[in-house]
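Line order of the protein sequences matches chains L, G, Y and R.
Mapped onto our numbering, the consecutive letters of the first sequence carry residue numbers 1285 to 1425.
Mapped onto our numbering, the consecutive letters of the second sequence carry residue numbers 1285 to 1425.
Mapped onto our numbering, the consecutive letters of the third sequence carry residue numbers 1285 to 1425.
Mapped onto our numbering, the consecutive letters of the fourth sequence carry residue numbers 1285 to 1425.
If you're looking for bench data, these hints aren't it; they were derived computationally from the structure.
Ideal Cβ positions, reconstructed from N, Cα and C, are used throughout, including at glycine.
Be aware that a few hints might be false.
Here chain R is said to cover these stretches of chain L; the calculated rule only asks that three of the stretch's residues, wherever they fall, bring their Cβ under 8 Å from a Cβ of chain R [said to hold, decoys possible]: (1) 1370-1377; (2) 1385-1397.
Quick list of in silico lysine to aspartate or glutamate cross-link-like pairs, EDC-like style, CA-CA up to 16 Å [as the list claims (entries may be wrong)]: (3) Lys1409/R / Glu1321/R; (4) Lys1388/Y / Glu1399/G; (5) Lys1388/L / Glu1408/R; (6) Lys1407/R / Glu1321/R; (7) Lys1388/G / Glu1399/Y.
Protein chains: 4
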Amino acid sequence: MKTEIEQRVEKSYAKQNAMKNIGAVITEIGSGTVTIELPFRTDLTQQNGFIHAGIVTMIVDTACGYAAYSLMPSTAAVLTVEYKVNFISPALGDKLIARGRVLKPGRTLMACLGEVHAVTDGKEKLVATMLATMIARDQVG
Amino acid sequence: MKTEIEQRVEKSYAKQNAMKNIGAVITEIGSGTVTIELPFRTDLTQQNGFIHAGIVTMIVDTACGYAAYSLMPSTAAVLTVEYKVNFISPALGDKLIARGRVLKPGRTLMACLGEVHAVTDGKEKLVATMLATMIARDQVG
Amino acid sequence: MKTEIEQRVEKSYAKQNAMKNIGAVITEIGSGTVTIELPFRTDLTQQNGFIHAGIVTMIVDTACGYAAYSLMPSTAAVLTVEYKVNFISPALGDKLIARGRVLKPGRTLMACLGEVHAVTDGKEKLVATMLATMIARDQVG
Amino acid sequence: MKTEIEQRVEKSYAKQNAMKNIGAVITEIGSGTVTIELPFRTDLTQQNGFIHAGIVTMIVDTACGYAAYSLMPSTAAVLTVEYKVNFISPALGDKLIARGRVLKPGRTLMACLGEVHAVTDGKEKLVATMLATMIARDQVG
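Turn these sequences into a full structure, and let the hints guide you.
See below:
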């Protein structure tokens, strides 16, 4: 049976057209941690054939955002205040795995650390690291 | 007639499947500045119906990247080292306009500043600000 | 006569031992903008004889922080949530000038842009650019 | 006996007037990791009596910089390209400990992750997290 956190995250995620569009799926929802996977697709690439930096950012932003969301009161919504991403190796492989986790839960703001790895033949390689700030907002409606 | 810079940027941009995929187009290429526009589409949204932060990032990253590329030798390729984005208001409107410009050209590294505005009925509103580092790499092949 | 904003900023600044310690002074306080100057001193340098990146950061963080503070209610305190700094040329010259300004005032959070220039014989050169998030907190006591 | 890395780092560190000025000391030099400690001092504080964000940044920047330097060829110099810092809790305690480590060594660029903890009665609390880019430059002279 699904936890309350899993239900909340999945309900919100289902409304994310952009994530559906690129074929990303949530594969793990913990308390302060979320994992998202993205199978490689050639329609998501930049000029060198790597997954576009913006797409890499999108999956790890979403992983960090829901990691923060998982620690917020059930009436809150989550928004990204800002993030920073370092790109460490090309986003090439069978799939990308983005893992987000909350560094320290706060009442309003949550600092999160995220990592994206490329998986090729079962081996992981670090692609990008994110340091982000998420905010809890009162849900509208 | 197109300048050498315009030709180089357009040739590289044509290989960016991800940018084509979301419907973004380059509307201005200068010396150290590039503008990209993205008409609003509901398949690019997050859970609140705004354009996803990752998509906002993608267009301003690309604008900053080509702004840097426009100042590089014609044999170089451009890669994103890292960026930081602050999200200032919801990405909602008829379209988004991302403008990137080089703060100071360097031989290898270029610091760039980017802005995304949402345009509604011809009026612009600041959506996001990016501070990025681009690198010139020797072209492979 | 001093404005209410100038009085508030100067009162808070007077409590900043670290800023006094390095010899930095506020030279301009506007509505959403603050300027701080730091005369060059050899006891603030790193291994190459440039002003240390941390000191460059300190003056532009403070300029951005008070720029945000100048737009907050008089009962609020300001704290730095996070910042990002790109270092563009060596911090060398007669003095450094740090200018901070609010990109868009928010009720709680304020995104700020800051710049540091080195001044040599009256000529300015860009040293660093900051993109920061400030938060308004209820004053304690 | 000191390793070649320890000797190089210590020789460079000895030239850092700013670090001497604030009383920071290197306490560990590994291969891709460096630790710096800063005893609390009231002349390093901001308006609330916490160690100034710029000083917190200074020690973790230096820890990250030397972590990168430890993996560079002995003829190289290290410079900070950019960094981002999230401030998570007040810099208050008996001392601060800054730990920097290289995420992935590169020929020219190194992405580094840094953390600052405040130590009070032997207990550590996370104060700040840094994500930084360092560059190897040919030594001048």
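Which of the listed hints are broken here? none
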